[in-house]
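Engineer: Okay, here's what each chain looks like letter by letter:
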Amino acid sequence: DIQMTQTPSSMPASLGERVTISCRASQGISNYLNWYQQKPDGTIKPLIYYTSNLQSGVPSRFSGSGSGTDYSLTISSLEPEDFAMYYCQQYDSSPLTFGSGTKLEIK
Amino acid sequence: EVQLVESGGGLVQPGRSMKLSCAASGFTFNNYDMAWVCQAPKKGLEWVATISYDGSSTYYRDSVKGRFTISRDNAKSTLYLQMDSLRSEDTATYYCARHSGGYFAYWGQGTLVTVSS
Chain G
15 DIQMTQTPSS MPASLGERVT ISCRASQGIS NYLNWYQQKP DGTIKPLIYY TSNLQSGVPS
75 RFSGSGSGTD YSLTISSLEP EDFAMYYCQQ YDSSPLTFGS GTKLEIK
Chain L
412 EVQLVESGGG LVQPGRSMKL SCAASGFTFN NYDMAWVCQA PKKGLEWVAT ISYDGSSTYY
472 RDSVKGRFTI SRDNAKSTLY LQMDSLRSED TATYYCARHS GGYFAYWGQG TLVTVSS
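Residue numbers (this note's numbering), protein chains in the order written: chain G, 15 to 121; chain L, 412 to 528.
Treat the hints loosely; a few may be bogus.
With a straight-line cut-off of 30 Å between C-alpha atoms, the simulated DSS-like cross-links for lysine-lysine are [said to hold, decoys possible]:
(1) G:Lys59 <-> L:Lys454
(2) L:Lys454 <-> L:Lys430
(3) G:Lys117 <-> L:Lys487
(4) G:Lys59 <-> L:Lys430
(5) G:Lys59 <-> G:Lys121
(6) L:Lys476 <-> L:Lys430
(7) G:Lys59 <-> L:Lys476
(8) L:Lys453 <-> L:Lys487
(9) G:Lys117 <-> G:Lys53
(10) L:Lys476 <-> G:Lys121
(11) G:Lys121 <-> L:Lys487
(12) G:Lys53 <-> L:Lys453
(13) L:Lys487 <-> L:Lys430
(14) G:Lys53 <-> G:Lys121
(15) G:Lys121 <-> L:Lys430
(16) G:Lys117 <-> L:Lys453
(17) G:Lys59 <-> G:Lys117
(18) G:Lys121 <-> L:Lys453
(19) L:Lys476 <-> L:Lys454
(20) G:Lys121 <-> L:Lys454
(21) L:Lys487 <-> G:Lys59
(22) L:Lys430 <-> L:Lys453
(23) L:Lys476 <-> L:Lys487
Derived CB-CB ranges, DEER-like [claimed, not checked]:
(24) L:Gly466 <-> G:Gln69: 23 to 29 Å
(25) G:Gly82 <-> L:Ser463: 26 to 32 Å
(26) G:Gly56 <-> L:Leu422: 17 to 23 Å
Hints are computed from structural coordinates only; laboratory data are not their basis. The beta-carbon is built from N, C-alpha and C at its ideal position, and this holds for glycine as well.
So here's chain G without its partners, still in its complex pose:
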């Protein structure tokens, strides 16, 4: 199975700050990488697919990049609704696997 390692596991940040969450795969995944946001009530929202494509309706302050084994999600200027859990997910090979998550917290 491909292991997905997210760093950091938690990140205190301030409103308006630019933040980057990293995701490293245990082997190359050819950009087959998605990002999701989970709110405390459990609601899961897809954000980005195939490394850098924004899901319809997702604000442009979200962006994704990467290649090979290393990928990242960047939020250019934090809004109050952005404080949540974030997960990366690879679909290069089965089983599909997720990272362990990054909790974005208010500083």
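Following the hints, position chain L against chain G.
Structural biologist: Relative to chain G, chain L alone:
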């Protein structure tokens, strides 16, 4: 508007069975693969199973093969997960998701399954 509504969760004893349902609306159900993803308490997300748009192909993670069965009724726009021989480690919130080429584009709100005596 796409909606996925799970039901059927609850408390079940180890070794027993439970069947989850997911009612879909707002899209042409029989055009899309569907999946179940679970999340154990305070843990991350874990893909469980996927079924093709027409039900002809199914895929499972190793830990549930032979115990869980994913199925669908396209006439009813409903996805199912039959869970047999349940174990304590199956305790989780189970999410239904529309699955397109490795991407879970829409998710339900989840239903909690607790396996305990």
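Engineer: Hint check: lysine 121 of chain G vs lysine 454 of chain L, CA-CA at most 30 Å. Holds or violated?
Structural biologist: Holds - the C-alpha atoms of lysine 454 of chain L and lysine 121 of chain G are around 23 Å apart, at most 30 Å.
Engineer: Check the hint pairing lysine 117 of chain G with lysine 53 of chain G against an upper bound of 30 Å on the C-alpha distance.
Structural biologist: 10 Å, holds
Engineer: Taken at face value, is the distance from the CA of lysine 453 of chain L to the CA of lysine 117 of chain G at most 30 Å?
Structural biologist: Holds, at about 12 Å.
Engineer: For the pair supplied as a hint, lysine 454 of chain L and lysine 430 of chain L, confirm whether the alpha-carbon distance does not exceed 30 Å.
Structural biologist: 22 Å, holds
Engineer: Measure nothing beyond the straight line between the CA atoms of lysine 476 of chain L and lysine 454 of chain L; if it is 30 Å or shorter, mark the hint as holding.
Structural biologist: 21 Å, holds
Engineer: Compare the distance between the alpha carbons of lysine 476 of chain L and lysine 121 of chain G with 30 Å, and conclude whether the hinted pair is satisfied.
Structural biologist: 43 Å, violated
Engineer: For the pair supplied as a hint, lysine 117 of chain G and lysine 487 of chain L, is the alpha-carbon distance within the 30 Å limit?
Structural biologist: Measuring from Cα to Cα gives roughly 38 Å; hence the hint is violated.
Engineer: Would the pair lysine 59 of chain G and lysine 430 of chain L pass a check requiring their Cα atoms to be no farther apart than 30 Å?
Structural biologist: 25 Å, holds
Engineer: For a C-alpha distance cap of 30 Å, please report whether lysine 430 of chain L and lysine 453 of chain L respect it.
Structural biologist: Holds, because 23 Å separates the two Cα atoms, which is no more than 30 Å.
Engineer: For the pair supplied as a hint, lysine 59 of chain G and lysine 454 of chain L, confirm whether the alpha-carbon distance does not exceed 30 Å.
Structural biologist: With Cα atoms ~17 Å apart, lysine 59 of chain G and lysine 454 of chain L stay inside 30 Å; holds.
Engineer: Taken at face value, is the distance from the CA of lysine 453 of chain L to the CA of lysine 121 of chain G at most 30 Å?
Structural biologist: The hint holds at about 22 Å.
Engineer: Take a quick look at whether lysine 476 of chain L and lysine 487 of chain L sit within 30 Å of each other, Cα to Cα.
Structural biologist: 26 Å, holds
This entry does not satisfy hints 3, 8, 10, 11, 15, going by the numbered hints stated previously.
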